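The whole structure should be built from the sequences, with the hints applied where relevant.
Top to bottom, those sequences are chains Z and C. Start counting the first sequence at 1; every next residue gets the next number (my numbering). Start counting the second sequence at 1; every next residue gets the next number (my numbering).
Keep in mind the hints are simulated off the structure, nothing from the lab. None of the values given here were measured: they were computed from a predicted structure. We treat Cβ as the ideally placed atom computed from N, Cα and C, and that holds for glycine. Any given hint might turn out to be false.
[Unchecked claim] Covered stretches of chain Z, going by a simulated chain C footprint (3 or more residues, C-beta under 8 Å):
1. 139-148
2. 194-202
3. 230-238
4. 242-250
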Amino acid sequence: MRRLVLALLCGSAVSLAFAGVAVTDDAAQWGPYKVGDKRSGYTFAQPETRAIQEDDFENPAFLLVDAAAELWETAEGEAGKSCADCHEDVESMKGVGTRYPIYFEPWGKLMNVEQRINQCRVDNMKAEPWKYESDALLGMTMLVKLQSRGMPMEVSIDGPAAPFYEKGKAFYEERRGQLDMACAHCHVDNAGTMLRANLLTQGQPNGFPTYRLKWQKAGSLHRRLRGCNKQVRAKPFKAGSDEYVNLELYISHRANGLPVETPAVRN
Amino acid sequence: MITRIIASLAALSVSLGFCITAALAEEMVAYKVVDDIEIQDSLTGKPGDPAQGRKLAIDRKLGNCLACHSLPIPEQQFHGETGPDLAGVGSRLTPGEIRLRVVNPKLVNPDTMMPAFYRVTGLNRVMKDFAGKPILTAEQVEDVVAYLMTLKED
Numbered sequence: 001m002r003r004l005v006l007a008l009l010c011g012s013a014v015s016l017a018f019a020g021v022a023v024t025d026d027a028a029q030w031g032p033y034k035v036g037d038k039r040s041g042y043t044f045a046q047p048e049t050r051a052i053q054e055d056d057f058e059n060p061a062f063l064l065v066d067a068a069a070e071l072w073e074t075a076e077g078e079a080g081k082s083c084a085d086c087h088e089d090v091e092s093m094k095g096v097g098t099r100y101p102i103y104f105e106p107w108g109k110l111m112n113v114e115q116r117i118n119q120c121r122v123d124n125m126k127a128e129p130w131k132y133e134s135d136a137l138l139g140m141t142m143l144v145k146l147q148s149r150g151m152p153m154e155v156s157i158d159g160p161a162a163p164f165y166e167k168g169k170a171f172y173e174e175r176r177g178q179l180d181m182a183c184a185h186c187h188v189d190n191a192g193t194m195l196r197a198n199l200l201t202q203g204q205p206n207g208f209p210t211y212r213l214k215w216q217k218a219g220s221l222h223r224r225l226r227g228c229n230k231q232v233r234a235k236p237f238k239a240g241s242d243e244y245v246n247l248e249l250y251i252s253h254r255a256n257g258l259p260v261e262t263p264a265v266r267n
Numbered sequence: 001m002i003t004r005i006i007a008s009l010a011a012l013s014v015s016l017g018f019c020i021t022a023a024l025a026e027e028m029v030a031y032k033v034v035d036d037i038e039i040q041d042s043l044t045g046k047p048g049d050p051a052q053g054r055k056l057a058i059d060r061k062l063g064n065c066l067a068c069h070s071l072p073i074p075e076q077q078f079h080g081e082t083g084p085d086l087a088g089v090g091s092r093l094t095p096g097e098i099r100l101r102v103v104n105p106k107l108v109n110p111d112t113m114m115p116a117f118y119r120v121t122g123l124n125r126v127m128k129d130f131a132g133k134p135i136l137t138a139e140q141v142e143d144v145v146a147y148l149m150t151l152k153e154d
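The following block contains the structure:
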């Protein structure tokens, strides 16, 4: 299984690398990682950091991805089922990473990939949900999103998702914390400039869960959001909270067109 | 002349008695904004200490002015770029104008990204450890103002 997954990955990495040969300088330089004014965090990263992302054997996030490939085939819970029993090959997850968060009718609110996986564990496997930042949930989320690597994000904000998108947008623009800053102050107004030792990016979510060198670990988007809140001395929300899932919809839609990069590598 | 009185007393937070800290109990000093452009009077009634102000501008947990500004502090490797270079600011602005910008720059530009360093009200979801406290004390504000006033154009 491990070898199969890695072979698949290498395939998509190669196609990603070749997709970008195009006319303008920027496009030639950044390939699919820059679409119009949208720039992935990849285009702001140091060459050494990008090199780790480009080599799945170097990228430490793949330890969790490989473990998840085994979990995919492991029956758990009272129903005695594995993910594979219902979903067959993990390749069936292709495209999922481009579409989430979605509006989930039974909840009457949004659901992200982490929550979708746990919903399957609870409802379909009769197993315990995985903890939000656990290795198992991080690994499985990466494995699922990896099947969409290189595909453009295309999150929908139509119909019942619209009001949640509006909430996420308001969150993005609202000042908070003792330092009284909004996401937009750093990631829209000042992307590309130095905040002391940090080069600010557009704060795009297309590479999550991401291996972060500073964490020495893979982490979820919501962990990153908590960090960005705490950095301005604002009370963070819980990972998996409605506030963060709504915000995730807003920033994922903002990233539409950028390729899924999971698991990306960042500072 | 338009004179406004801003800021008032920090409410003494409901506390468990034994854990009231000096900082929490400290009252915010009232100040007067003159002509919408400056706070002329020192918050402490005394001049600040420029050497202390320089340290505060570097300190990541206090002023951290270097997060956003370039300053003539060559021993520090990283200087921010989101705000203007402050070299020579002591020739461009009066002490009162600088004081207003440090105390609450939103009174100059409501959209600015720069934090208000001496303000405890009108903030949203402040972390518990920082709630009800300004980023800098009145004395520290004066130290920073005194330091910036030493930054003269050549």
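Now the hints, each set against the structure:
1. For a cut-off of 8 Å, the count of residues in the segment 139-148 of chain Z with a CB near a CB of chain C stands at 0, and the three-residue condition is violated.
2. Requiring three or more residues with a Cβ within less than 8 Å of a Cβ of chain C, the coverage given for the segment 194-202 of chain Z holds, as 5 such residues are present.
3. With a threshold of 8 Å between beta carbons, the proposed coverage of the segment 230-238 of chain Z by chain C holds, since 4 of its residues qualify and at least three are required.
4. With 0 residues bearing a CB less than 8 Å from a CB of chain C, the segment 242-250 of chain Z misses the requirement of three and the coverage assertion fails.
Comparing the model with each numbered hint stated earlier shows that hints 1 and 4 do not hold.
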